[in-house]
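Same order as they appear, the protein sequences are chains A and B. Oh and the first sequence: position 251 is 253 in our numbering, straight run, nothing missing. Oh and the second sequence: position 291 is 601 in our numbering, straight run, nothing missing.
Incorrect hints may have been included.
Distance condition first, Cα-Cα at most 27 angstroms in a straight line; then the derived DSSO-like pairs of lysine-lysine [unchecked claim]: (1) B:Lys313 to B:Lys397; (2) A:Lys329 to B:Lys898; (3) A:Lys329 to B:Lys334; (4) A:Lys308 to B:Lys433; (5) B:Lys504 to B:Lys530; (6) A:Lys312 to B:Lys896; (7) A:Lys291 to B:Lys1016; (8) B:Lys447 to A:Lys308.
None of these hints come from the bench; they were simulated from the model.
The residues making up each chain are set out below.
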Amino acid sequence: MNQFQYVRPAEVPAAAKAFTKGPNTHFLAGGTNLIDLMKMGVVVPERLVDINHLPLKKIEKTPGGISIGALATNTEVSIHPLIKESFPLLSLAINAGASPQLRNMATVGGNLMQRTRCPYFFDTTMPCNKRVPGSGCGALEGINRMHAIFGASDKCIAVNPSDMNVALTALDATVHVTGLKGKRAIKFADFHRLPGEHPELDNTLQKGELITSVDIPVSPYNKNVHYLKVRDRTSYAFALVSAGVALNIENNTIQGARLAMGGVAHKPWRLTETEAFLKGKPVSLDVFKQASQIAMQGARAYEYNKFKLKLAPNTILQALTTAAGLKA
Amino acid sequence: MKKETIGDSLRRVDGRLKVTGGAKYSGEYEVPGLTYGVLVPATITSGTVTAIDSKAALRAPGVLAVITPFNAIKVPGYQPEAPTRIKGLKLFNDTQVYFNGQPIALVVADTFERATHAAGLVKATYQSQPHETNFHKNIEKGVSPQNNKDYVRGDVNAYKNAPVKIEQEYMLPSEMHNPMELHVTTAFWTGDDKVTLYTKSQGVISSQRAVANAFQLDAKNVQINSRFVGGAFGSSLRTWPHEIAAIQAAKMVKRPVKLTLTREQMFTLVGYRPLTIQKIGLGATADGKLVGISHESHSQTAAYEEFTERSVNVSRFLYDIPNVNTLYKVVPLNVGVPAPMRGPGEATGSFALESALDELSYAVNMDPIELRLKNYAETDLEKNLPWSSKYLKECYQKGAERIGWSNRAAKPGTNRDGEWLVGYGIGCGAFGAYRSRALAKIKLMPDGSVNIKSATSDIGPGTATSMVLIAADILNIPAKRITFELGDSSFPVAPTQGGSATISSVGSAVHDACIALKQKLNALAGKVEDSNDDIDYAKVLSQNNLPFLEITQESNPNEEAKKYSMYSFSAHFAQVYVHPLTGAVKIKKVVAVVDAGKIVNHKTASSQMIGGTVGGIGMAMTEEAVFDDRFGRYINGNFADYHVPVNADIPQLEAIFIDRPDPIINPIGTKGIGEISLIGVAPAIANAIYNATGKRVRELPITPDKLI
Ligand SMILES: Cc1cc2nc3c(=O)[nH]c(=O)nc-3n(C[C@H](O)[C@H](O)[C@H](O)COP(=O)(O)OP(=O)(O)OC[C@H]3O[C@@H](n4cnc5c(N)ncnc54)[C@H](O)[C@@H]3O)c2cc1C
Ligand code: SF4
Chain A
3 MNQFQYVRPA
13 EVPAAAKAFT
23 KGPNTHFLAG
33 GTNLIDLMKM
43 GVVVPERLVD
53 INHLPLKKIE
63 KTPGGISIGA
73 LATNTEVSIH
83 PLIKESFPLL
93 SLAINAGASP
103 QLRNMATVGG
113 NLMQRTRCPY
123 FFDTTMPCNK
133 RVPGSGCGAL
143 EGINRMHAIF
153 GASDKCIAVN
163 PSDMNVALTA
173 LDATVHVTGL
183 KGKRAIKFAD
193 FHRLPGEHPE
203 LDNTLQKGEL
213 ITSVDIPVSP
223 YNKNVHYLKV
233 RDRTSYAFAL
243 VSAGVALNIE
253 NNTIQGARLA
263 MGGVAHKPWR
273 LTETEAFLKG
283 KPVSLDVFKQ
293 ASQIAMQGAR
303 AYEYNKFKLK
313 LAPNTILQAL
323 TTAAGLKA
Chain B
311 MKKETIGDSL
321 RRVDGRLKVT
331 GGAKYSGEYE
341 VPGLTYGVLV
351 PATITSGTVT
361 AIDSKAALRA
371 PGVLAVITPF
381 NAIKVPGYQP
391 EAPTRIKGLK
401 LFNDTQVYFN
411 GQPIALVVAD
421 TFERATHAAG
431 LVKATYQSQP
441 HETNFHKNIE
451 KGVSPQNNKD
461 YVRGDVNAYK
471 NAPVKIEQEY
481 MLPSEMHNPM
491 ELHVTTAFWT
501 GDDKVTLYTK
511 SQGVISSQRA
521 VANAFQLDAK
531 NVQINSRFVG
541 GAFGSSLRTW
551 PHEIAAIQAA
561 KMVKRPVKLT
571 LTREQMFTLV
581 GYRPLTIQKI
591 GLGATADGKL
601 VGISHESHSQ
611 TAAYEEFTER
621 SVNVSRFLYD
631 IPNVNTLYKV
641 VPLNVGVPAP
651 MRGPGEATGS
661 FALESALDEL
671 SYAVNMDPIE
681 LRLKNYAETD
691 LEKNLPWSSK
701 YLKECYQKGA
711 ERIGWSNRAA
721 KPGTNRDGEW
731 LVGYGIGCGA
741 FGAYRSRALA
751 KIKLMPDGSV
761 NIKSATSDIG
771 PGTATSMVLI
781 AADILNIPAK
791 RITFELGDSS
801 FPVAPTQGGS
811 ATISSVGSAV
821 HDACIALKQK
831 LNALAGKVED
841 SNDDIDYAKV
851 LSQNNLPFLE
861 ITQESNPNEE
871 AKKYSMYSFS
881 AHFAQVYVHP
891 LTGAVKIKKV
901 VAVVDAGKIV
911 NHKTASSQMI
921 GGTVGGIGMA
931 MTEEAVFDDR
941 FGRYINGNFA
951 DYHVPVNADI
961 PQLEAIFIDR
971 PDPIINPIGT
981 KGIGEISLIG
991 VAPAIANAIY
1001 NATGKRVREL
1011 PITPDKLI
């Protein structure tokens, strides 16, 4: 571990300003990801801006929905009555992640920003384009069992590891940020990016921009929901594949559907075409089977993750049937 | 006053200390002038270190030394002329690198953080050589280990010619030793030729010998303390090179050195259950009588040291099979050396044998328990000796009852509960019941309290508790008047805690010491020696003007035992639910039934069974060290990615003991359960999963991708 400066501003503008001072500055929230990366030598900051004293913890109703402060912990969000009532999918997704101890520390902003768990990214003796651009991708011809089946590039096949993000993309959230150039709002689907030629960039946040809140608009997707995470152990393991499903069902007809997958792409993978297919269809196993196949369009596997080509549609199918209350 | 007897459930005598933080582990001793050592691992997999640049590290604050192959003082026991040469890796003795992660330098500083920081500043230059780490590619290079004798009984080809034949290959990945407590050694020299260690050890006497050999010291000048051990499972059976390095460093900096491994280093430096591929050929008649078996095993070992275990032996004696052949080879690779891991090779072997037997049961359309009964071994055909005791049939019966075996569907994939497929499985095992020489010193104090000392260890089973219970029973006094001390090499000699033999060996010494004390007291009280009348111990002392009474008793295996084959036996039963779409497995229940002779303390014995079963669930379902051969490194050397089972993976577990004394092994009739608790768990689960799904998984762990 190297030596670094540590500052702890109390106001948002001061936090943004602190960022401009050092060349290699990082915000520190719950620290559950950043501190690990520092210990491994993956991130070597010269300056840490501890944002834990910023007033960004509120979870509150807004005219159009709910606003979640960037520093609300994962636990606070998942047990909040407003969230459980209006966005149960988010609660389920958060609770499927990490462990209670981690969720107590982890923040919404930090979860959004967490880095991939690709083992080659974590080990500084190995090549990784995301860690050191141009050094090569260790996973491409390595042990890529946990890696992407959608939207990867030959530069990087890593996945976004978050469970929370799967729900947030399905729920059409908006990320609010503040930077030196002022505030802006980013649609959730545009927040994370695909690796393309620049896997070192996980998202579209500009240097020094601070996430202040995540807003979710009201929607009818609060009844028939399910978050299904398939993993190597029952708790405290990242997803092999996960599926977040929310259906708006009336009279046995799907009025609208929201679907996203985790553990399959560099970003939380929203399934808009599958959603369009489901709209107006009756609730039936057959329809769900077709939907789960549509969801797989464009999938491509690597040496060790071929099982995902089968596990992913199975997981969607199971999540849909559970959300709809159908017996498989 | 209530007096406890063997067979009771005594609470852990050190339980309170452990849960209140009062138990002091080896990493918690504050020695004046303590310094901290941090190892620098090699980042190549094979080759030599050509230079080490320590300048930046030495300039860093608080750093006292950077010890490398280029400046280390010689460890006398490492030198070719040493009378008793140390086996295995010799750290800093030469520049050879045998595996990735091998320590190439040791930084010593005044704080752990400063040592860690400086370790990152050490720059090594290497001359790399091509490395061989791929087991599958190198399996042909397997060698028959020294002292290994492959085994043949009857006709080697018998199984091939049998009416029903199973020929399959089973794979077990490397499973890493990861006890909760990290490995730690605090070493300090108390004179030119005198050294003291607080170290994590399963055997303080064997540690004493190893250190004495390494530094060519008189054993009595080496003091080893290991009072509390936070789990070891076989990873502390030997004295590791980094422990020797800590002693070496203490000599060089002339101050005490504490060296704690990091979690990541636990994946390379303290051994593991080696990757093993086993081929089983099993032949039977159409009605399920076994005709012959062939069991071949290839295991990974280190290029610099041969590690062997008994993965094939179980096939020679567990069932009544006239024709048997076993073959065992090890494949040397550029990896760290393996070590025994709870249930060691026996657990590995039982996964293959018990899976194959399950496959056969379906092939001959026979209930797996029936099949086992049909081939029940009434004597040990390998040693050609009668069993000292064997109640495996009773294990089958009790376990079948408790798991609800009658609900098992004979046809796989046909038993459903809602969306879930339900299955039942059985897996059996055996582990040698051993006993070796042990000593105990018993001291009766004027207040009637008793203290017993023996240089044994407690890596978790609750050794002191069982010993207190034995003493309470024989001396006929309350347990709370008795204390038992261990983990100190100055105490009377006892064997290393391993191979499930502590209760048998040290328990016998305690038993014999108590009898000796009682006889002495009876004599002093003017009674016949073996009188069982209550006597007031304190009174006898005062009447005879004795300040205390102390006896050191040696206890040895009996001659009679040579005429018998002695084993503990187990039958594990599992009930599982499998989701056909996602491959998710819920283990609903595991019942572990054990014939381990007389159970001394039910409470700690049950805990031990539960712990072993959890280890078996890890082996079956989650644990796998994943290696990238291109780099020669593990890619999951941390607790986020290397999956030990968590509470949510563990169902209701039940431990059942047959609890009938073995008439031969020792005066108490107890056989030991540490290993047997894990042996057979993995095949029970794999077999249950087959019963549920019709999918036979022959490569552990059974992750969801293998079931969809
Ligand atoms: C062992 C383990 C298992 C886990 N399992 C799971 C799992 O199964 N599912 C899952 O979803 N997650 C899992 N996690 C990840 C966990 O959810 C994240 O570590 C956590 O959400 C990060 O939040 P944090 O507040 O601790 O972030 P930090 O570690 O403090 O920060 C993470 C990153 O976010 C940046 N950041 C933080 N806040 C802001 C902000 N407001 N604006 C801009 N940038 C910011 C930091 O600069 C840093 O780069 C696991 C983590 C561990 C260690
Ligand atoms: S997949 Fe991405 S993160 Fe992983 S090694 Fe390749 S570039 Fe790095």
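Checklist line | Given hint B:Lys397 paired with B:Lys313 - CA-CA distance at most 27 angstroms | finding: Violated: B:Lys313 and B:Lys397 sit about 48 angstroms apart, past 27 angstroms.
Margin query: Can you confirm whether the C-alpha distance between B:Lys504 and B:Lys530 stays at or below 27 angstroms?
Written below: holds (9 angstroms)
Note to self: Can you confirm whether the C-alpha distance between A:Lys329 and B:Lys898 stays at or below 27 angstroms?
What the structure shows: holds (22 angstroms)
Notebook entry, point to check: Is B:Lys447 within 27 angstroms of A:Lys308, Cα to Cα?
Noted result: holds (22 angstroms)
Item checked: A:Lys308 paired with B:Lys433 [C-alpha distance capped at 27 angstroms] -> Violated. A:Lys308 to B:Lys433 sits at ~40 angstroms, over the 27 angstroms cutoff.
Note to self: Check the hint pairing A:Lys312 with B:Lys896 against an upper bound of 27 angstroms on the C-alpha distance.
What the structure shows: holds (20 angstroms)
Note to self: Checking one constraint from the list: CA of A:Lys291 to CA of B:Lys1016, max 27 angstroms. Satisfied?
What the structure shows: holds (21 angstroms)
Note to self: For a C-alpha distance cap of 27 angstroms, please report whether A:Lys329 and B:Lys334 respect it.
What the structure shows: Given that 27 angstroms is the threshold and the Cα spacing comes to 55 angstroms, the pair is violated.
When each numbered hint is compared with the structure, violations occur for hints 1, 3, 4.
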